[in-house]
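Using the sequences and the accompanying hints, generate a full structural model.
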Amino acid sequence: GAVVSQHPSRVICKSGTSVKIECRSLDFQATTMFWYRQFPKQSLMLMATSNEGSKATYEQGVEKDKFLINHASLTLSTLTVTSAHPEDSSFYICSARWGNSYNEQFFGPGTRLTVL
Amino acid sequence: GENVEQHPSTLSVQEGDSAVIKCTYSDSASNYFPWYKQELGKRPQLIIDIRSNVGEKKDQRIAVTLNKTAKHFSLHITETQPEDSAVYFCAASLNTDKLIFGTGTRLQVFP
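Those protein sequences? They're chains A and B, same order as listed.
Be aware that the first sequence starts at -1, since it is given in my numbering, and climbs by one per residue.
Be aware that the second sequence starts at 73, since it is given in my numbering, and climbs by one per residue.
Since the hints were derived computationally from the structure, they do not count as laboratory data.
One or more of the hints may lead you astray.
Unchecked claim - Derived pair list, reagent style SDA-like, types lysine to any residue, alpha-carbon separation capped at 25 angstroms:
id, chain 1, residue 1, chain 2, residue 2
1, B, Lys114, A, Trp96
2, B, Lys109, A, Gln36
3, B, Lys130, B, Gly73
Here's what the structure looks like:
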């Protein structure tokens, strides 16, 4: 149980285009989803937290107009990187949690974004 | 906000030896301390976690200790095996919200 998927697993796009990444909880209802970014050989950095049906809460330094997060259902959250630039190239990982903040976050497999 | 420091950044051990990774955190309100194992290009896998109401937790070859007063916690892996080779991250948070990760430790276990 507690499986989280992400799509696509990797994507290459041209600079200036937008890319959408999907995060799905396959066997549970995710009341909260988190988005992380991980640059090569670095740690995971929390970008934003989203609760189903509410606006996402962004961490300091993360541009909400550039990284659009939509958590429209209890099983799906999307991250759209708008007007992508090479410096946005990174490994984007989501996690999902059901219920309250005592419960574990379950991580997706990540999406490798390369912006040319 | 929370800040988590992790040491060492790399650790090489012989198969069968023990490995210890240490983390310190800054926010005394943090009460949840998970450890993750991440292989290259893969998702982080939770290997053990501890909450602030206990000082030690063990699961087979893996144990975690927590010193709330000093604000540090450690991961102990005994009888290391080559398949333990990976990057290990500690994290700290208030409940399971807003995980703040350490900088990671690359563990290499040589046969």
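Return the numbers of the hints above that this structure violates; sort them in rising order. 3
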